[in-house]
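Combine both chains into one complex, guided by the hints.
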Amino acid sequence: MASEAGETGKAGIIVAPDDAPPLDKLSHAVLDDLLYNIVHDLLVKVHRDEKIARANTAAIKVEKLAKNTSDGATTELKPDIEIETDAAIYKDGRVALKGNPLKSTKEILCSKCHLPRLHHPTDGKGAKKPDPGVIYCKKHPYIDKPGYDIYGQTWVAPGPGRGKKKKDQKLDPGDPSSPAPAEGGAKDRASNVLNFPSATCPKCKRCILVTRLNNHMGSCIGNSGRTASRAAAQKISNGSNGGSQNNDNTPPGSQKGTPRPGSRGASPRKRDGDEFDEDAEESDQPNPKKKKAKLNSLNKKVILKAKASGAAGSSKKDKAKGNSHLNVEQKAGSDAKDSTVQVAPKKQTPKLKGVSPAKKLKLGPAKPPLPSPGSKKGKREHDMESESSETMSSPPPR
Amino acid sequence: MSARPATPASPKNHKVRAPQPGQPMYGCEHLQRLFNQDQATTNTSIQHYRAILRSIFDTNPLIPQTAKAIDGQIVTSLTPTYLCLQCPSTLTEDDRTKHGNKKSHRFYVDSRSGALYCQMCDDIVWDPTFEELRLKKIGTGTFSMRKRKHEELFETSDPVRDNPAYISTNTTTASCKSNGLRGIYNAGATCYQNVVLQSFLHNPILRNFYLSDGHSSSTCNVDYCLSCAIDDMFQDFYSLENTNGYTAASILSAFWYNQKKAFEILVATKEQDAHEFFQFLAEELHERNGDGKRPEIGSEHSCNCIIHQTFYGKLQSTTTCQNCSGVTHQVQSFLDLSLPLENLSHKKGKKSASRGLLTLQECLDEEYIKSDKCEYRCHNCSSMQQARRQTSIKRLPNVLSIQLKRFEYKQGRNERAAKIDTPVQFPLELNMLPYTNRGRSGGGPDAGKENYELARSCTYDLVSVVVHVGEIDTGHYVSYCRVGDQVSTRPTAPDPPSSSISPPDPDDIPISVEPRGQQMGQWFAFNDHRVELAQKSDVLNAKPYLLFYVVRSLS
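Sequences listed follow chains H and W, in order.
All residue numbers in the first sequence are consecutive under the UniProt record's numbering, ending with 398.
All residue numbers in the second sequence are consecutive under the UniProt record's numbering, ending with 555.
Fair warning: there could be bad hints in the mix.
Below 25 Å or equal to it, Euclidean Cα-Cα: the simulated DSS-like pairs (lysine-lysine) are [what the hints assert, rightly or not]:
#1 K177(W) to K112(H)
#2 K128(H) to K177(W)
#3 K125(H) to K139(H)
Think of the hints as simulated: they come from the structure by calculation, not from any bench.
Same shape as in the complex, but just chain W (with noise of 0.2 Å):
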């Protein structure tokens, strides 16, 4: 148990949690014990408690699940083993009572989620202060960092405004009724718009943006502002009892009287692509909260707005000369990452029986992994020369959103745009470690803590899921979207996962205890006005066209 360091240097003594109104101060009687004993017991209890969460979530698994059993005997178990918490014992289910007799150590840590167990309740109790700092780790994989950042970003530090009872005056409780949940009547064929908005409705970032009057339609004066209609539409969603559906009114007479040139195909009263209703949307609320320039498609544009906060990231694109072996480098933005589906299936096809079958990862891989052979101009030989090319994503965004390229405009005698109706298996969590530049360049042997929190800060949970069904020229769109019971204690910064340490070497992580980090939440079908209850199966066996990926230290 050398990973646990016995006393980490942390002069400063640990508090127990205020008591919050409506909540016990302690887990259970023993616990209330055992804080009340004196300050030194409790900062040992909380340093030990937070050592463990350290072993559990940042460090190879092998370690935690690996226990010493009262004879000396040394098993390493798939199921959960059990972490002391007065001493650094590693103990099995079974040897747990014997431990507790004979030390009278009582409360243990469970190796798969962290949870702490006490012997005399016989119970996994939940105390505010221990669950405070698990669900942190979980989170944002520090214990407290990273909420000054996120105050720093949103809120001017006002000593009034940090006032509670200045936040309990001015701002009014939802009703417990309202959840966000309701649907989107279809005003005529827009239901390529109602995916979109239903996504970004039950987007965390954007919600709490708005909800937090982060555009404040009061004192807008853009006429018509499209922002203004969202914010509108936010404040209805998770402030009315209403749970009938939503009519968006203000959003389509904004987007009728919005006059852009790009999308203007889209102002009609047919039946639209969701993706450039998205991008549509994504570029509108950028220049109405951004730095109001244009972001331009292939350059790198960096901007504070909420749209790029969120939805923006950087892909870099590695050219190699195959005469001079000279590198070039060139950086864009991107709002999202299309995946061409048709030439891999075709592929695929060829090589197994299982034909027609794909994965989202397998997508991934052909666009971010493999590079391909190009002509450019290369300055050094100064003339044409073959070079390969390479793209990684440089910066991953906070919500990742995938675009798999199901409609195709088909070359050749008989041109017509076709759908590709291929199936991707997605997956609910998704790993992005592997398609940044950072996952490739070389996996060095200091494998460790670090590569721990590099792969969990690019870990992606599935948010929204929009399905479209039907034909190329005619069809419906439907979402499914993960509501609630996120791991959150408070919004964390959205600053983009960044650091640069060598990528954990797969081998080294036993899939079968990966998935620590539960996925909470309940998925709901919405099509239209109407919302469902969906299963995970639902969700999974659905045709994805649009995917929403919410990076896993901020849910």
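Okay, chain H solo, but in the shape it has when bound (with noise of 0.2 Å):
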């Protein structure tokens, strides 16, 4: 039956003539029956929600009458009035029905807070503005809305320009209705958009950003030297075999979410609003936590450092961004406060700034070239490349 419905979303019964055999005829009958039953047995149950919820709503309200009218002179026993409504009576303490509730109560009320509920979600499929002079029942009907949750939320999408890796962008590979980026930032940015939130590391007591506490938890709690000689022998056995493919960390399905490099160049405007993006989120974050992340990445790359040696293709990424953040912290350490608004063209800085030769060693090769056009597989090479040659690579010219 259920077939019938097919793609066009209607279902269609084909009746069978006067003149059918039997068996059509028959057969047209069991299947009458049976929409019958289901059409039944879903009515009952919406019946029963509804008219249990509107006789509960007349039965509230009665005894709310019945307890202001007899107001606070007697408190504890139920008071020994009669109320009339025109759902229900109120008598001797107990609340009898009079008539169809479904016809005789309108509303319904929340039996645990008394206050009315919402009956229509207030965006999305079959939205309806509720009245604004009303105080509803906190229990509102789902939101049934692509790219919103039920309570109508949305997240801001991590993305590049926001101090995010890649990596952690694996919030919905497989959905792709996640949100793209969005475009005028702050200006536009409602209530419902959420940002990811930071918890505080039971070790270190440090505040990390949601999406890294995974990694920051396996560094600080997990006995990392332990944990990174393993990891690093799986990647050498992943390595030999499974070719140079998913050699880093990062899923390839959560790369999906990355706006390539070569998109971004071809949209200007889009990485103005990213870069706009980011100074609004600056301003309602504050400062510390981001400071707290970047030492966090400090700390990290430290410990990637050490397995670096023993594991060829240990993640280059982290140490990328490791680098970069340690960039910014140093132009922090110079120019304190306003480190983090000129993230975008932090690759120039260092170039500019006076940062020792030592450190740029490393900097110069392993730093994304980010407005390149290049793919990300190009990228990833090039990654690679710069980095076995890492401490032969001279100190770029100045």
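Below, the structure written as structure tokens:
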């Protein structure tokens, strides 16, 4: 039967004509009955929910009225009065219905907080504007709207330019509806657009952005030396037969969400928007938090470096980021407070700022050439190459 | 209508449900009149209603579906019939009015749902007294018995504790907004944890355990206790108004601090297997809440901890020696059923055109109905012999977790792990009776009430589905959970369905009238911090990796 619904969404029954053979007539009758039963079951369920809710509403209302009438005189005991509304009678502390609550009662009060229930979602499918003059029960109908969750919330897309790593972007790899990086940024960011929260690491008591929490705990709690060596060993074994495709931690699926460097070059407007957004984010995020995150990545970098000597393909990305953060950190040291405002042009900064050549030895080649239109793979290869020759490469010319 | 005893031997007076605040006392004015006539009328009405419910839910559906028309013609219909509350007649919808006018009988019970129809209201009425009986019948199969068992298990019956005033002063009422529906942020490749945590959060038994302070985190002294972390999570989900995602920092840190060799591999910043995490979580919570013994895989381990009461069942494998026909039994506990897919999909592909499409029941058939050959050392023959081995379920758990082995390590020249993407159809309602040893031990001819009770005790409703999207080495986990509106007056005893009666002949039950217990609740899709509404079709079209079914007589 269900297959009848097909793609059109419409169900159709072939009615057996009067002169049809008996089997046709019988099948038609059986199908008819089955459909009747499905509708019947659905109706009984909906009817039950609705009628009980309305009957309870009638009871709540008349009880409230009785309480108000007796008004504090008998707070504990049930007021010994008789009250009648359109839908119910209150007598001897008992409520009896009057007529059919489906007819006599129009709204539904929450049985817990006694406030009216909102009947329609406020957004998305079937949405209606709620009456602003009414205080509704907090239990709202769930919102069904693409790109938003059941509470009508959406999230600031983690994207480049917001200090997030590519590997953090695995939030909705399978979900094409995950919102693209908002263009307007702060201007039209409504209250239902949420940022990713941060949490405190129980060991080092630092505040870590949630998307990095696992990585952080891995290095903070997870006895990094041991794990690192195991991870390195695994990586080596993977690398030998898996090819270089998945040499880093980033799953291919997660990379989908990342705007490619090429596309970025093609739409400068978007880039502007991103930068703008960056500023906005800075303003509504406390500065120390960012710093902490940076400190953390600094911390991590040290570990990664330690194992990099052992493992050929340890996550360069981390390293690259770690370095670039270090880079910003450096800069922050030099002109302290507005460190992140200039995150975007940071790849130029080492050349401009007075950074010690020792630092640059690594920084130069490892930093990703962001605006280059090269493909991801190309970039990675470039990274790899540069890493292997890292120690030998001469400082880039000033 | 011989199936309906006119007067069950019950001398006690039936009571109308005590008035509750915020609820009318009766379903309608006419029922009020009925109940207020005299005690005898109340008694017979309630007794009749119980008898009708028994005949609807415990007997062959043919009985309540067969009506006798006014002119004496007997009609069995697929559509609902109406059973008169005041006399033992069953009527079709058309004859209902005639019967009412003739006999002045005004109340009828709908044969599909057990709902009460009032002719004077010309509507179905939901009376608190009758509805309580109906829900108990659907939920537990009995009218009162199980509740006591539950109290024995969960509460030391303390008169102070049972006092409603004590409860109201010592518990907090959650806000109307907090309903346990929140996402969990991905802390960096932790979606394998999130899906399992969501399935725990929407597991009715675990929820009741943790929300009734089953593991008190205030008195627990264990550092970084995982059970405390889970307790905190339940409190956060079901008492806070927050709709933003949950940050599972305490669970994650408890996880990182955990030193468990078997699951060491899980403690990594990379993507992991959700099923392994489920096993880890179950073992860890068992150790925190149970007898502290490590559950040994492959042995029979009984424990009263919440995890064992929720997930653990028992398998019995019977080995029959082909030489001397000696039979040996071996019983093991299981946390979940792991069903291989690969062989089956190959086998099926050869046979039928519908290549690659499997059903869950086929997978279960393969493991728990069919027998396989093996070599074993027979005690009688004291030599190695060919034997037939057959495994069936001895004790079903309250929450049945099923893993479909989608990840397999391929042997051979190019050794590699592979993901099997075969779609597996799974039902919303699963009958496990055929896979139990009771279901197998021959069908006796004494079909009757017991069979329906046994079948009901083996009926499971789908509650969570964990889906893996992507490849073997990388991908993403999402999950679906059914939430709310369960037919539950009160959590019943999590004692496993156990009775030893022969199964019903499946041919006895007309499929068309079968799904009489309606599955209620709304499905939600959980994708890390994002929670969205889901349709049943979304759920059923997913390619499941883990399935969680909860036993009907509990949900």
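So, going through the hints one by one against the coordinates:
1. Between the alpha carbons of K177(W) and K112(H) the distance comes to roughly 11 Å, so the proposed pair stays at or under 25 Å and holds.
2. Straight-line distance between C-alpha atoms of K128(H) and K177(W) comes to about 19 Å, which keeps the hinted pair within the 25 Å bound.
3. Taking the CA atoms of K125(H) and K139(H), the gap is near 17 Å; set against the 25 Å cutoff, the hint holds.
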